[in-house]
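With the first letter of the sequence shown counted as 1, position 343 gets the number 517 in our numbering; the numbers rise by one all the way through.
Simulated from the structure, these hints should not be mistaken for laboratory data. For glycine and all other residues, C-beta sits at the position ideal for the given N, C-alpha and C. There's no promise every hint is true.
Claimed, not checked - Computed Cβ-Cβ distance ranges for the label pairs, DEER-style: (1) PRO206 <-> GLU725: 52 to 58 Å; (2) ALA407 <-> ARG570: 19 to 25 Å; (3) GLU625 <-> GLY760: 35 to 41 Å; (4) PRO608 <-> ASP439: 51 to 57 Å; (5) ARG629 <-> ASP681: 30 to 36 Å; (6) GLU725 <-> LEU395: 53 to 59 Å; (7) ARG393 <-> PRO608: 43 to 49 Å; (8) ARG393 <-> ASP465: 26 to 32 Å; (9) ARG570 <-> ARG619: 51 to 57 Å; (10) ASP261 <-> ARG393: 25 to 31 Å; (11) GLY467 <-> PRO603: 32 to 38 Å; (12) PRO603 <-> GLU578: 23 to 29 Å.
Claimed, not checked - Below, in silico cross-link-like pairs of lysine-lysine (PhoX-like), each with a Cα-Cα straight-line distance of 25 Å or less: (13) LYS706 <-> LYS718; (14) LYS510 <-> LYS415; (15) LYS626 <-> LYS392; (16) LYS296 <-> LYS392; (17) LYS392 <-> LYS415; (18) LYS415 <-> LYS296.
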Amino acid sequence: MSEYDYETLGLVAGLEIHQQLDTATKLFCACPTERREPEEATRTFSRYLHPTKSELGELDDAAVEESRVDREFEYLAFDTTCLVEEDDEPPGRIDDEALSVALQIADLLDMTAVDQAHVMRKIVVDGSNTSGFQRTALVGQDGRIETSEGPVGVEDLLLEEESAGRVEGTEAGVRYSLDRLGIPLVEIGTRPDISTPEQAREAAERIGMLLRSTGAVKRGLGTIRQDVNVSIADGARVEIKGVQALDRIDEIVRLEVQRQVELLDIAAELADRGASVGDTQDVTGVFEDTDSGVIRGALDSGGRVTAVPLYGFDGLVGRELQPDRRFGTELSDHAKRHGAGGIFHTDELPAYGVTADEVAALREAVGAGPDDAVAIVADDPGTAALAIDAVADRARTGIEGVPEETRDATQEGTTRYLRPLPGAARMYPETDVPPVELDPSDVERPELLTEKVERYQNDHGLGAGLAEQVAYGRRMPLFETAVDAGVDATFAAGVLEGTLTELRRDDVPVDRLTDDHLLGVLRLVEDGDLAKEGVDEVLTTLAKDPSLDPEAAVEEAGLSGVSESEVRAAVAEVVERNADQVESEGMGAFSALMGECMGALRGKADGEIVSTVLREEIGKRT
Numbered sequence: 175m176s177e178y179d180y181e182t183l184g185l186v187a188g189l190e191i192h193q194q195l196d197t198a199t200k201l202f203c204a205c206p207t208e209r210r211e212p213e214e215a216t217r218t219f220s221r222y223l224h225p226t227k228s229e230l231g232e233l234d235d236a237a238v239e240e241s242r243v244d245r246e247f248e249y250l251a252f253d254t255t256c257l258v259e260e261d262d263e264p265p266g267r268i269d270d271e272a273l274s275v276a277l278q279i280a281d282l283l284d285m286t287a288v289d290q291a292h293v294m295r296k297i298v299v300d301g302s303n304t305s306g307f308q309r310t311a312l313v314g315q316d317g318r319i320e321t322s323e324g325p326v327g328v329e330d331l332l333l334e335e336e337s338a339g340r341v342e343g344t345e346a347g348v349r350y351s352l353d354r355l356g357i358p359l360v361e362i363g364t365r366p367d368i369s370t371p372e373q374a375r376e377a378a379e380r381i382g383m384l385l386r387s388t389g390a391v392k393r394g395l396g397t398i399r400q401d402v403n404v405s406i407a408d409g410a411r412v413e414i415k416g417v418q419a420l421d422r423i424d425e426i427v428r429l430e431v432q433r434q435v436e437l438l439d440i441a442a443e444l445a446d447r448g449a450s451v452g453d454t455q456d457v458t459g460v461f462e463d464t465d466s467g468v469i470r471g472a473l474d475s476g477g478r479v480t481a482v483p484l485y486g487f488d489g490l491v492g493r494e495l496q497p498d499r500r501f502g503t504e505l506s507d508h509a510k511r512h513g514a515g516g517i518f519h520t521d522e523l524p525a526y527g528v529t530a531d532e533v534a535a536l537r538e539a540v541g542a543g544p545d546d547a548v549a550i551v552a553d554d555p556g557t558a559a560l561a562i563d564a565v566a567d568r569a570r571t572g573i574e575g576v577p578e579e580t581r582d583a584t585q586e587g588t589t590r591y592l593r594p595l596p597g598a599a600r601m602y603p604e605t606d607v608p609p610v611e612l613d614p615s616d617v618e619r620p621e622l623l624t625e626k627v628e629r630y631q632n633d634h635g636l637g638a639g640l641a642e643q644v645a646y647g648r649r650m651p652l653f654e655t656a657v658d659a660g661v662d663a664t665f666a667a668g669v670l671e672g673t674l675t676e677l678r679r680d681d682v683p684v685d686r687l688t689d690d691h692l693l694g695v696l697r698l699v700e701d702g703d704l705a706k707e708g709v710d711e712v713l714t715t716l717a718k719d720p721s722l723d724p725e726a727a728v729e730e731a732g733l734s735g736v737s738e739s740e741v742r743a744a745v746a747e748v749v750e751r752n753a754d755q756v757e758s759e760g761m762g763a764f765s766a767l768m769g770e771c772m773g774a775l776r777g778k779a780d781g782e783i784v785s786t787v788l789r790e791e792i793g794k795r796t
């Protein structure tokens, strides 16, 4: 893909960053914020959700479309969840700890805190909340961050409850887990001040750094999500949901610009051709004797084949918009949102078992000529009718240009249709939770991670790369605890950022190691009760059996310290065994014998002590 002139195209982008807070309890109840495995569920229950009207009697378009597919939502409950998550008990007051962290984040973003936090309900009927809405409260407004391409305004900071975690799809709908539902979450929305893909990534990285600087946000996959709003001058605002990795934001913006440029080119071509979309029709008769597996399967199950003629669309349905995604893929996305498996269209047929004769008969049945395209759906009668209507609607918007919509980010950096953009009709006041007075004067601004990097270099002598690894790493609080306890900073950093990484690569389950395990091992080395060379083996032992404490793991690994006399005896034996080499090479034999000595002692002795003794023993023979 060639790079675009984003200024000429009029690129405008903004970010919405969602970050889970690492609080002791959830936002509206006393349940812990720990995650659980689905198999740990103690019971399940099911719900059906439907959209409700706002205060003004309006229905949100996104909620209406979501509800068109009738689905059953199943929820997994745990011994760490309660009736609040199940929507069988009113919520409690907003969690004080979460409010405090949110105010701290507002301060870091140079925002003005509101006088009172009023909780609102935001309609959500995709099953991710048992109540059919998400509770959210405005905490701060009118902030800003700096980037190398200029300032980016931060419009608002919201404190809200996290949604339930999606476990898997079921035959009837979707299965969710309640362990995640209700975890405090901040949503940070920037103004549309971003004008290049690189600035979008830089702004997201800056906000991410500020969030982690609090030391009070959760880390790991799924704990932070970025939504990106993108538009170009002649295009439309598109909200891209669920960007997990910061380093993909610039690519996602580039590919969305490409998609909108291609859609505008298609719209211009369709206008030149005088294109239009015909009426949807039942064309089951065309395929009565088909050998196409997909269509045959639908018909044998009592299904139908529906079609829509796309006049003037020939050759454009197969036009690529993004890598491996075409205009036909956009039409297919809409069919899938209404329950169908996808579509076939004449830009790709004959194929998939559909013959040339069937394509000709299809064109004749719907009155399509050589300049036209036809899209078809094969499914049960109700789904086929809904899906082909959705395809026709999307094709009509293709004539107009780029539709405003919400899209879902893929792992490849492309996007797929999710739902219409939500509107103001999805919000209304929460009457079960009273407003909360906010007092930002009690908030202390934390040390930024960038400042930590500089301090680690100046105060602890860490190299720039290692200092950044530690400051931005998940174990940063443990590093500071260890250093405060007297552990050598370079050694602690090496274990936490180097040794653990190496052990993970060797398939050691290091995620089972607790902070107490790690701090205990570091202290044993600092106190001289464990040689540095034995750290790998002790950590491996602890990871395999987390019930052990560090002292017991040392015993289990057979690494209890040895006396100096035992070290001398072991070293002397190695030197004696290699007497000829020592006599011929003298101190030149040191490196080879050092490895043999350490192997003989199996990490029971500190390397510096072994080195000193070995030099002495070699010196005696030269």
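Here is how each hint holds up against the structure:
1. PRO206 and GLU725 have their C-beta atoms about 29 Å apart, which leaves the hinted 52 to 58 Å range violated.
2. Checked against the hint of 19 to 25 Å, the pair ALA407 and ARG570 passes, with Cβ atoms roughly 22 Å apart.
3. For GLU625 and GLY760, the hinted distance range of 35 to 41 Å is not satisfied, since their beta carbons lie about 51 Å from each other.
4. Checked against the given bound of 51 to 57 Å, the beta carbons of PRO608 and ASP439, roughly 54 Å apart, stay inside it.
5. Between ARG629 and ASP681 the beta carbons are some 35 Å apart, a value that agrees with the proposed interval 30 to 36 Å.
6. Between GLU725 and LEU395 the beta carbon distance is about 34 Å. The supplied range of 53 to 59 Å is therefore violated.
7. Checked against the given bound of 43 to 49 Å, the beta carbons of ARG393 and PRO608, roughly 32 Å apart, lie outside it.
8. Taking the beta carbon of each, ARG393 and ASP465 are about 53 Å apart, not inside 26 to 32 Å as hinted.
9. Look at ARG570 against ARG619: about 53 Å separates their beta carbons, and that is inside 51 to 57 Å.
10. Taking 25 to 31 Å as the suggested C-beta distance range, the pair ASP261 and ARG393 conforms, at roughly 29 Å.
11. Here the CB-CB span from GLY467 to PRO603 is close to 53 Å, at odds with the stated 32 to 38 Å.
12. At about 27 Å, the beta-carbon gap between PRO603 and GLU578 stays in the expected band of 23 to 29 Å.
13. The suggested pairing of LYS706 with LYS718 holds, with an alpha-carbon distance near 20 Å, which does not exceed 25 Å.
14. Proximity of LYS510 to LYS415 is assessed by CA-CA distance (about 18 Å); at most 25 Å being required, the pair is judged to hold.
15. For the hint pairing LYS626 with LYS392, the CA-to-CA distance comes to about 19 Å; that is within 25 Å, so the pair holds.
16. Annotation: proposed proximity of LYS296 to LYS392 holds, straight-line Cα distance about 24 Å (limit 25 Å).
17. Between LYS392 and LYS415, the direct Cα distance comes to roughly 20 Å. Compliance with the 25 Å bound is thereby established for this hinted pair.
18. Between LYS415 and LYS296 the CA atoms are separated by roughly 17 Å; this keeps the pair inside 25 Å, and the hint holds.
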